[in-house]
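Starting from the known structure of chain A, fit chain B with the ligands onto it as the hints suggest.
Spelled out, the chains give:
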Amino acid sequence: MTYLTLSITLIFVVIPLVLSKTLRLGLEKDTIVATVRSIIQLLAVGFILKFVFDSDSLIYIFLMVTLMIIVATHNAKRKGASIKGITWKVGLTLVLIEVLTQSILLGFQITPPTAQYIISISGMVIGNSMVLAILFLNRFTSEIEAHQEQTELVLSLGGTPKQAIHSQLIKSIKASMIPTIESQKTVGLVQLPGMMSGQIIAGADPIQAVQFQLLIMFLLLTTAAVTSTMLGFLSYPTLFNNRMQLLKNR
Amino acid sequence: MNTKYKPAIHFNDVTYTINDNVILKRITGSFPEGKITTLVGPSGAGKTTLLKLCNHLISAGSGEIYIKDKAIEQYEPVELRKLVGMALQSAPMVEGTVFENLSLPLSLQGEKLDPKEAEELLEDVGLGKEYLHRSSTDLSGGQRQKVSIARTLVNRPKVLLLDEITSSLDFASLHEIEELISKINQKYGTTIIWITHNLKQALLIGNYTWVMMDGEVIETGESSLLESPVNEKVRRFVKGEAE
Ligand SMILES: Nc1ncnc2c1ncn2[C@@H]1O[C@H](COP(=O)(O)OP(=O)(O)OP(=O)(O)O)[C@@H](O)[C@H]1O
Ligand SMILES: [Mg+2]
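Residue numbers (the UniProt record's numbering), protein chains in the order written: chain A, 1 to 250; chain B, 1 to 243.
Same shape as in the complex, but just chain A (with noise of 0.2 angstroms):
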């Protein structure tokens, strides 16, 4: 694709504005916000990653991967602000799978050790990574509102935290991963995966671009299931104290 045809695309945002207009929508300025937004954040990650797959340095790699690290804790931690050191918890858990994956596809020789394949993994691990820490931790921290009685019986009858709040925990992982897991259900039925449509268009074997396609998604049930789990282990203690008393401003 030239710059030409790329320009012309813009054909698509042009159609929503005008609609917006006509029905007084008011997303026009939001629309538009959003596609300079949109290039510029997306030019400038093109040239970096160009800039970094020439180099094929592994300082490069390293800081990109922590700079999504950074910017993916930032994003999800906003949903457990209630929870104390939610930051390094997940900050600590993105890393955790991050190092999981990777060491287990370049241990294996899965994936080659180049930046292309590093970063590109590492991108998708880490941005699905946070969508499930967004998910677990709001549906933890408002199954702890809403169960909060409960957790005090257990204590009062002389339970554990860890008891107390064990079916809050459990059914708070378990309602993250769903979606993963229902989304693998219909793969392919209803729509192709973005990736894995990408690879086709740039001309990939379909088989082989299935193939990654799968590798993907079995990685990502493996993130989906560390995520919501490690996180949920880290937080929970933090809701009490050390005589087992379940704190309120927390």
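Among the clues, some could well be false.
[Stated by the list, open to error] Keeping only pairs whose Cα atoms sit at most 27 angstroms apart, straight-line, the calculated DSS-like set for lysine-lysine is:
1. B:K129 / B:K116
2. B:K112 / B:K35
3. A:K248 / B:K82
4. A:K162 / B:K35
5. B:K112 / A:K171
6. B:K112 / A:K162
7. B:K25 / A:K248
8. B:K129 / A:K162
9. B:K82 / B:K116
10. B:K35 / B:K68
These are computed hints drawn from the structure, not numbers from a lab.
Same frame as chain A, now just chain B with the ligands:
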């Protein structure tokens, strides 16, 4: 008061605050061992808060609480809560059957409740054994209260904290529960602290009574104090409740 009796629980100048709101103000007093003390007072007086302090679900901001002559902080939380059992005001249930709820105190310790014993417990609180395998979500408010009482009894606590356990019960059931608690008190010498809005009940079942208002204990003494209160505030409260 109560100099004749050993205190099971003693409060010494206890204050409890949440976010700068004083909920309990300088509470001092004892709950005599082996006796039934009823706790009355208007909504929001701090009755539930006082019981939660005794079960160590919350800690006092200042002052000391002694359980059988030992400061409450010196107990292992789990040991304390088995010793000082509490039936919560809202009678919350965990998901699952009535049997699972009754088993909870034991299953938390990795032990099992004998189904025979569960049936007897249900019978004690006036529920047939057919309820054993009902889901706890299908119970009425009064039935939940009954299960909640039975569940609190499973640990055989030496001190029993009861928070409005008969508020949703019909007259016959209420009577049955009063008799059960009296029996436990007499048979095992269990110390009972019983919050109730029912002043007749407070008078009838209690040996002693505390009257609370706005976070303070405004009167303590033998439960007969409710019959002809000397304290002006208590008199107005009793009169208001009678209307
Ligand atoms: N977690 C909390 N946060 C803020 N305020 C609280 C909290 N728990 C209790 N309070 C306040 O403390 C006061 C005493 O509450 P408590 O539940 O002890 O009253 P009570 O005497 O048991 O009332 P009732 O008869 O209605 O059950 C109330 O004003 C209540 O609003
Ligand atoms: Mg109360």
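Going down the list of hints, with the structure as the test:
1. B:K129 / B:K116: holds (9 angstroms)
2. B:K112 / B:K35: violated (31 angstroms)
3. A:K248 / B:K82: The hint holds at about 23 angstroms.
4. A:K162 / B:K35: Roughly 35 angstroms between the alpha carbons, so the hint for A:K162 and B:K35 is violated.
5. B:K112 / A:K171: holds (24 angstroms)
6. B:K112 / A:K162: holds (19 angstroms)
7. B:K25 / A:K248: This hinted pair holds, its Cα atoms lying about 20 angstroms apart.
8. B:K129 / A:K162: Between B:K129 and A:K162 the Cα gap is close to 31 angstroms, so the pair fails against 27 angstroms, i.e. violated.
9. B:K82 / B:K116: holds (22 angstroms)
10. B:K35 / B:K68: It holds: about 14 angstroms lies between the C-alpha atoms, which stays within 27 angstroms.
Consistency note: the structure conflicts with the earlier hints numbered 2, 4, 8.
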